[in-house]
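**Q** What follows is each chain in one-letter form.
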Amino acid sequence: MILNSPLLEIKNLQVSINNNKILQDLNLVINKGEIHAIMGPNGSGKSTFSKILAGHPAYSVLSGDIIFKGSSILNLDPEERSHLGIFLAFQYPIEIPGVSNEDFLRLAYNSKQKFYNKPEVDPLEFLTIISEKLELVKMSSLFLSRNVNEGFSGGEKKRNEILQMILLDSELSILDETDSGLDIDALKIISNGINNFMNPTKSIILITHYQRLLEYINPTYVHVMQNGKIIKTGCAELAKELENKGYEWL
Amino acid sequence: MVNQSNKVLNKDITKLVNQTYQYGFSTIIEKDIIKKGLNEKTIHLISQKKKETKFLLNFRLKAYKKWKQMPEPEWAYLKFPQLNYQDVIYYSAPKSQKKLKDLSQVDPELLRTFEKLGISLTEQKRLANVAVDIVFDSVSIGTTFQEELNKHGVIFSSISEAVDEYPELIEKYLGSVVPIGDNYFSALNSAVFTDGSFCYIPQDTVCPLDLSTYFRINDQKSGQFERTLIISEKNSQVNYLEGCTAPQYDTNQLHAAVVELIALENANIKYSTVQNWYSGNEFGKGGVYNFVTKRGLCSGLNSKILWTQIETGSSITWKYPSCLMLGDNSQGEFYSVALTNNYQQADTGTKMIHIGKNTRSRIISKGISAGKSKNSYRGLVNITNKALGARNYSQCDSLLIGNLSNANTFPFLSVQNSTTKIEHEASTSKIGEEQIFYFLQRGICLEKAVELMISGFCRDIFTKLPLEFAAEADKLLTLKLEGSVG
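Top to bottom, those sequences are chains A and B. Heads up: the first sequence is residues 235 to 484, going by the numbering used here. Heads up: the second sequence is residues 644 to 1129, going by the numbering used here.
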């Protein structure tokens, strides 16, 4: 990998599902240390874009390329992309009945350890590791024994996503509407978590509808997506403009 | 959008579930067979071969007469072609001249078969604290640790031996819980059963070993009709385990068993089954038709019967282990995991009949359906007018894998007094593509994800299984699902 090369580079990406084109000619370069916000009207392809980056099997890439850390990831399975450092915080985190959060988190952590030929941790060691991270998103340890996302409130689910992001220490984190459905207090906790996590070796893609989140997290760039294309790119000011004027004027 | 992505995932799911059946071999062995077909002559022949008493011959003939008048039941949510009962071999036994004194006289080919199945008749089982009776096609080929059990007064033998040696117990209890004409398949069994296990636990005795029977259908055309009878006297306790496998044939084999349990005052019977009959291939060809009647009688004060079943095999399962709670304060429990894949069909559940006062029952049923299979829970909770203060708790959960499988719950409740408490909970969930994608995105591979979800789903049941069975069950379920999730 060449020094200072971008962390993520998307070149002329075209994607379809059931013969419908949903992304066209998408280009994007993200360097380490940058936060990119992606905004846009409903149905513009933002969530789809995040799933494609994570390797969801439903979508087929027609042409173009996704380069992560210098090499194409188009042929990699979702779990390999995860191990390489791509994390997706889901807009609607999935409930998994019967599987405790603690087991789930430990298994995810150990899968990554194994991938990098590092020793897997036992439940006791893991408890030490996870307790520290819980603190960062202000979650009680009681929540470890609950089933993954089952019966969680909207805010708890989103905090759980951020907890996983911190635990897996991902380099590229895609946060899909992590702010939606949060009250002000939860929004502050989550934004703090994200800001503390962020450093010059990492990058974040924030998908959001609202300028509100961007008051807590300062984006390097703001992109507007429409019909599967990025139609405008600007700095943080653009988000404020969009908040006032909507998307019609673009 | 949903369709296409499901296609991708279903392919992987299918891969994971479609693990080949590892017990599908058959053993070539000299056999003593009664020509296929069923009539009064067949029954006389069976009875002759087994040198039975008048009592049993009459029992059989009476059952045969009832059976002939009964229609095949059609109420279950199962679809299968009309069975030809004249095309079944009703007696098939490994040839041996005389009664075996000990296991060293058993045909070595047979012993090798059981070694292959992972069942050793020898010392190993002693270490595991399990006494085993083995039934191969129609007859029992050996029971281990009889002497040791005898020291405690426990009788554990094949039912044929029991007929010879303890006729008074057989005459008193055989057919006392499942009467001859109870249902079509139990009537058939009563007419033609050839062997099975018999246990008798005397008063004030805790059975020192877990008792276990291993059933194997070997013959292609033979049906297996075994009969199990367990009697637990006052203040006694026993743990009973049952395992089943069959070779892989592309024709269907018939299995119609009857199990009767009798728990007297303060007695406690725990009956666990891991059923892994051959379930047919991925196109639904072949496999065992499993029509089983299992029923326990809690006849005294504080009697307790607990059924646990892990049903993973058979192309058709028709089975409702039940409890008849006659004694006051008696208890019946039923814990079940039924897993179906490919074209398997299961209609299984329980009946809890409350007659005594303050009787309690508990039903926990977990159905997992993958492939194009059908999996139904069917249960009856019947609280009679005398069963004052009776209580029941039922929980029926279904888990669907993929988009083509089918899960149903048919709970029947009949309550005839107002001092009763009944709770019923049911849920249906699905291992869907989005759940799996969630695991994958967190770096957890498909197999691990499914294993975690299945064992989470079945946890309540696994904790009820005897320890050595629990590990086996966990492994078996994962194996059975290999290739089906993705």
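Where hints are given, some of them may not hold.
Lysine to aspartate or glutamate pairs mimicking DMTMM-like chemistry, simulated, CA-CA at most 20 Å apart [claimed, not checked]:
1) B/LYS1091 to A/GLU336
2) B/LYS1073 to A/GLU329
3) B/LYS1091 to A/GLU268
4) A/LYS348 to B/GLU1090
5) B/LYS708 to B/ASP675
6) B/LYS1091 to A/ASP311
7) B/LYS1073 to A/GLU314
8) B/LYS694 to B/GLU811
9) B/LYS697 to B/ASP847
10) A/LYS348 to B/GLU683
11) B/LYS794 to B/GLU717
12) B/LYS1091 to A/ASP299
13) B/LYS705 to B/GLU717
Restraint-style ranges between C-beta atoms, simulated for each label pair [what the hints assert, rightly or not]:
14) B/GLN1059 to A/SER414: 34 to 44 Å
15) A/LYS348 to B/LEU1047: 26 to 36 Å
16) B/GLY927 to A/SER297: 36 to 46 Å
17) B/GLN1038 to A/PHE349: 31 to 41 Å
18) A/PHE349 to B/VAL849: 46 to 56 Å
19) A/GLU329 to B/GLN1038: 10 to 20 Å
20) B/ASN1049 to A/SER414: 50 to 60 Å
21) B/PRO716 to A/LYS348: 51 to 61 Å
22) B/LEU1047 to A/GLN248: 55 to 65 Å
23) B/LEU1047 to A/SER379: 49 to 59 Å
24) B/GLN1038 to A/SER414: 30 to 40 Å
25) A/TYR350 to B/GLY927: 39 to 49 Å
26) A/GLU369 to B/ALA1069: 37 to 47 Å
Covered stretches of chain A (in silico footprint by chain B; criterion: 3 or more residues with CB under 8 Å from a CB of chain B, positions within the stretch not fixed) [unchecked claim]:
27) 307 to 313
28) 325 to 335
29) 345 to 354
It should be emphasised that the hints constitute simulated quantities derived from the structure, not laboratory data. Glycine included, every Cβ here is placed at the ideal spot set by N, Cα and C.
**Q** Please go over all the hints and tell whether each is borne out by the structure.
**A** Do the hints match the structure? See the list:
Distance hint between B/LYS1091 and A/GLU336 is fulfilled; the C-alpha atoms sit about 15 Å from each other, no more than 20 Å. Restraint check for B/LYS1073 and A/GLU329: the C-alpha separation of about 11 Å stays at or below 20 Å, so the hint holds. Simply put, B/LYS1091 and A/GLU268 have alpha-carbon atoms about 34 Å apart, too far for the 20 Å limit, and the pair is violated. About 16 Å separates the Cα atoms of A/LYS348 and B/GLU1090, which keeps this hinted pair within 20 Å; it holds.
Annotation: proposed proximity of B/LYS708 to B/ASP675 is violated, straight-line Cα distance about 26 Å (limit 20 Å). Distance hint between B/LYS1091 and A/ASP311 is fulfilled; the C-alpha atoms sit about 15 Å from each other, no more than 20 Å. Restraint check: the Cα-Cα separation between B/LYS1073 and A/GLU314 comes to about 25 Å, which exceeds 20 Å; the hinted pair is violated. Proximity of B/LYS694 to B/GLU811 is assessed by CA-CA distance (about 17 Å); at most 20 Å being required, the pair is judged to hold.
Only pairs whose Cα atoms come within 20 Å are accepted, and B/LYS697 paired with B/ASP847 is rejected, the gap being roughly 33 Å. Only pairs whose Cα atoms come within 20 Å are accepted, and A/LYS348 paired with B/GLU683 is rejected, the gap being roughly 67 Å. The hinted pair formed by B/LYS794 and B/GLU717 fails the criterion: a straight-line CA distance of about 47 Å is larger than 20 Å. Taking the CA atoms of B/LYS1091 and A/ASP299, the gap is about 30 Å. The hint is violated against a cut of 20 Å.
The straight-line distance between the Cα atoms of B/LYS705 and B/GLU717 is roughly 23 Å, outside the 20 Å bound, and the hint therefore fails. Restraint check, B/GLN1059 to A/SER414: a C-beta distance of roughly 53 Å breaks the suggested window 34 to 44 Å. Restraint check, A/LYS348 to B/LEU1047: a C-beta distance of roughly 34 Å satisfies the suggested window 26 to 36 Å. Checked against the hint of 36 to 46 Å, the pair B/GLY927 and A/SER297 passes, with Cβ atoms roughly 42 Å apart.
As the Cβ distance of B/GLN1038 to A/PHE349 is approximately 39 Å, the hint placing it in 31 to 41 Å holds. The hinted window of 46 to 56 Å between A/PHE349 and B/VAL849 holds, with their beta carbons roughly 51 Å apart. As the Cβ distance of A/GLU329 to B/GLN1038 is approximately 19 Å, the hint placing it in 10 to 20 Å holds. The hinted window of 50 to 60 Å between B/ASN1049 and A/SER414 is violated, with their beta carbons roughly 36 Å apart.
Range check, B/PRO716 to A/LYS348: about 52 Å between beta-carbon atoms, so the 51 to 61 Å window is met. The supplied range of 55 to 65 Å is broken by B/LEU1047 and A/GLN248, whose beta-carbon atoms lie about 32 Å from each other. A hinted range of 49 to 59 Å for the beta carbons of B/LEU1047 and A/SER379 is inconsistent with their spacing of about 35 Å. Remark: the range hint 30 to 40 Å for B/GLN1038 to A/SER414 is upheld by a beta-carbon distance near 35 Å.
Hint check: A/TYR350 to B/GLY927, Cβ distance near 44 Å, so the stated range 39 to 49 Å holds. Restraint check, A/GLU369 to B/ALA1069: a C-beta distance of roughly 39 Å satisfies the suggested window 37 to 47 Å. Only when three residues or more bring their CB closer than 8 Å to a CB of chain B does the claim for the region 307 to 313 of chain A stand; here the count is 3, and the claim holds. For the region 325 to 335 of chain A, the stated coverage by chain B holds: 7 residues have a C-beta nearer than 8 Å to a C-beta of that chain, and at least 3 were required.
Under the rule that three or more residues need a Cβ within less than 8 Å of chain B, the assignment of the region 345 to 354 of chain A holds, with 3 such residues.
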